[in-house]
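Assemble the whole structure, with the sequences as input and the hints as a guide.
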Amino acid sequence: MKFVKKTRCHRLGKGHCSAGQCWNRLRQILTQAGRHCQVSSMVDLGFRSAYYPSDTRNSSKKALLGLSWMIGKTGPTELIRDANEHLMSKAQESTKHHDCLLGMDQPITRRDFLNAGLLGVGATLLHPSAPIQLIGKEDPWDGYGAVGDYANSSGNTQEVIRVGHEIRNGRYDHLPPNALDTGESFDLVVIGGGMSGLGAAYYFKKAKKPSWKCLILENHPIFGGESKRNEFLVNGQRLIGPQGANEFDIPAKPGEQGYELYAELALPREFEYSRLDPKFGKLQFDRTNYGFQLWVDEAGSFGTFFSQGSHGVKPQWVRDLWGKRLKEAPFSERIKQDFLTWKYGRKRYYDREDFEHWLDTMTYKHYLEKVMGLSFEVTRYVDPVLAAAVGLGSDAISAYTAFQVAMPGFQGFSTDPYYAPKWEDLSLFTWHSFPGGNDGFARFLLKTLIPGAIEGAATFADTLNGRVNFKALDQPENDICMRVGATAVRVEHERLPEKSEHVWITYVKDRQVYRLKARGVVMAGCRKTIAMLIASSSILQCWW
Numbered sequence: 008m009k010f011v012k013k014t015r016c017h018r019l020g021k022g023h024c025s026a027g028q029c030w031n032r033l034r035q036i037l038t039q040a041g042r043h044c045q046v047s048s049m050v051d052l053g054f055r056s057a058y059y060p061s062d063t064r065n066s067s068k069k070a071l072l073g074l075s076w077m078i079g080k081t082g083p084t085e086l087i088r089d090a091n092e093h094l095m096s097k098a099q100e101s102t103k104h105h106d107c108l109l110g111m112d113q114p115i116t117r118r119d120f121l122n123a124g125l126l127g128v129g130a131t132l133l134h135p136s137a138p139i140q141l142i143g144k145e146d147p148w149d150g151y152g153a154v155g156d157y158a159n160s161s162g163n164t165q166e167v168i169r170v171g172h173e174i175r176n177g178r179y180d181h182l183p184p185n186a187l188d189t190g191e192s193f194d195l196v197v198i199g200g201g202m203s204g205l206g207a208a209y210y211f212k213k214a215k216k217p218s219w220k221c222l223i224l225e226n227h228p229i230f231g232g233e234s235k236r237n238e239f240l241v242n243g244q245r246l247i248g249p250q251g252a253n254e255f256d257i258p259a260k261p262g263e264q265g266y267e268l269y270a271e272l273a274l275p276r277e278f279e280y281s282r283l284d285p286k287f288g289k290l291q292f293d294r295t296n297y298g299f300q301l302w303v304d305e306a307g308s309f310g311t312f313f314s315q316g317s318h319g320v321k322p323q324w325v326r327d328l329w330g331k332r333l334k335e336a337p338f339s340e341r342i343k344q345d346f347l348t349w350k351y352g353r354k355r356y357y358d359r360e361d362f363e364h365w366l367d368t369m370t371y372k373h374y375l376e377k378v379m380g381l382s383f384e385v386t387r388y389v390d391p392v393l394a395a396a397v398g399l400g401s402d403a404i405s406a407y408t409a410f411q412v413a414m415p416g417f418q419g420f421s422t423d424p425y426y427a428p429k430w431e432d433l434s435l436f437t438w439h440s441f442p443g444g445n446d447g448f449a450r451f452l453l454k455t456l457i458p459g460a461i462e463g464a465a466t467f468a469d470t471l472n473g474r475v476n477f478k479a480l481d482q483p484e485n486d487i488c489m490r491v492g493a494t495a496v497r498v499e500h501e502r503l504p505e506k507s508e509h510v511w512i513t514y515v516k517d518r519q520v521y522r523l524k525a526r527g528v529v530m531a532g533c534r535k536t537i538a539m540l541i542a543s544s545s546i547l548q549c550w551w
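Residue 8 is where the sequence shown starts when you use this note's numbering, and the numbers rise one by one after that.
Label-pair ranges, simulated between beta-carbon atoms:
hint : residue 1 : residue 2 : range
1    : Val325    : Arg534    : 30 to 40 Å
2    : Lys535    : Ala214    : 21 to 31 Å
3    : Pro337    : Arg518    : 51 to 61 Å
4    : Ser308    : Pro337    : 14 to 24 Å
5    : Tyr351    : Glu279    : 32 to 42 Å
6    : Val325    : Pro458    : 52 to 62 Å
Here are the simulated lysine-lysine pairs, BS3-like style, with alpha carbons at most 27 Å apart:
hint : residue 1 : residue 2
7    : Lys216    : Lys506
8    : Lys354    : Lys334
9    : Lys535    : Lys524
10   : Lys334    : Lys350
11   : Lys524    : Lys220
12   : Lys215    : Lys524
13   : Lys478    : Lys220
14   : Lys321    : Lys331
15   : Lys524    : Lys213
16   : Lys478    : Lys215
17   : Lys506    : Lys220
18   : Lys524    : Lys478
19   : Lys524    : Lys216
20   : Lys350    : Lys331
21   : Lys478    : Lys216
22   : Lys478    : Lys212
In short, the hints are calculated from the structure, not lab data.
Just so it is clear, CB atoms sit at the ideal spot from N, CA and C, and this is done for glycine as well.
What follows is the structure in structure tokens.
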């Protein structure tokens with residue numbers, strides 16, 4: 008098996024346009040044409056959150072596709088004029104804040120209309136054998152989804168969003184009267200089929216008695232969670248790429264995190280990498296492009312811009328901010344010292360050995376400003392870096408999470424070079440990537456739990472390349488089962504917690520509500536959802 012070797016590259020957060028703005032503008036056009044496009048309702052456009060729900064993106068897409076039939080029915084110029092007039096009148100009737108959020112105060116240009124309209128018309132003219140039809144199936148809601156076993160799970164699906172919104176809206180705060188009892192009882196139910204859920208089931212399998220049975224409920228069409236792949240066909244060649252989580256280094260010795268699991272799964276410790284054909288010559292990669300602003304940030308090619316708006320100074324570029332130890336930065340000496348303490352200090356702010364648990368009791372912002380006593384200017388610098396890396400600011404992630412992704416401020420807690428104050432030498436680590444990213448680990452775990460789940464032998468090549476045997480996932484004779492497309496919506500004790508021998512789990516699959524019993528439950532899904540699922544006011548034993 009050959010892989011392409013890659014240097015470490017921290018994935019930056021993707022930018023998002025205002026889907027609600029595009030959606031409303033296109034919807035207004037369709038209304039003016041005399042036909043209202045049936046699109047999904049958008050109660051919350053998500054402008055206050057770190058992401059935009061995917062239903063808004065696809066609502067915009069539905070409206071876009073609805074434009075194709077309008078060409079020739081109404082002249083574009085007249086339609087644009089009428090739509091603009093309608094938009095402007097609506098903008099005057101609404102509050103300014105609401106208008107700005109929805110984009111109703113934005114005129115529609117002839118170019119906007121023609122570009123969108125011609126795109127829709129062009130798609131209708133394609134012959135069924137045109138290349139776009141051969142690339143992969145396109146669901147009217149989810150959009151293009153590549154090919155293969157993962158084609159129906161490129162991110163959150165419409166069903167996942169629908170049931171998730173029902174949980175949020177309180178539909179399952181009380182047991183639905185139409186819930187069907189499957190009659191099943193398991194020793195353990197794991198809610199979530201991502202890496203956490205698969206890992207929980209794996210350790211259950213190691214510790215269980217022969218008669219014990221476990222069920223994994225996964226709300227997506229396929230296992231893996233963030234660790235999934237995408238597959239494509241290009242000129243008949245099957246290509247595999249990461250859909251989400253990617254990269255790993257090999258635990259080198261016993262005691263290191265993940266060493267035992269890596270060994271038990273019999274994963275290779277050495278890989279044969281594909282070599283570039285000499286005719287292409289050498290490729291140059293600037294390693295300072297990776298880990299920008301944090302892990303590799305001392306180089307003359309880096310510049311930091313300070314403006315009147317951001318720092319109240321004359322606009323200026325400062326070259327190699329950290330390499331020069333902030334000498335040219337427009338900060339006071341005290342603030343400069345705070346930055347240097349954050350970046351290079353070695354002080355340990357907690358003496359006990361349970362520092363990881365201690366860090367998990369506070370936000371990174373609290374740790375920086377209250378524990379380390381640093382200026383808010385440090386937090387202000389940190390937030391966009393964190394947002395690019397994990398999608399959240401320092402006020403929304405724990406200090407322990409920041410420690411795990413090697414943010415500064417924790418140099419005194421570990422001698423591990425991973426948490427060194429600066430990443431001067433990336434050769435300390437050898438980073439690898441399976442073809443589909445960390446889905447390789449998910450596939451090895453599943454193959455161990457349910458041997459028939461992936462076609463082929465229990466070899467490295469077959470486990471990575473074999474097709475998923477979905478029929479084998481949920482068979483009653485298996486001691487470990489996985490039920491995909493099943494979203495847990497409610498978890499509760501059968502009676503008072505101290506008197507309960509079982510927990511009821513209610514889930515939705517194919518729009519039908521089911522319930523079953525378990526002696527134990529592991530909540531291995533989204534933390535926000537976990538809080539909504541637990542119906543009992545008492546503490547339910549959970550791990551995540």
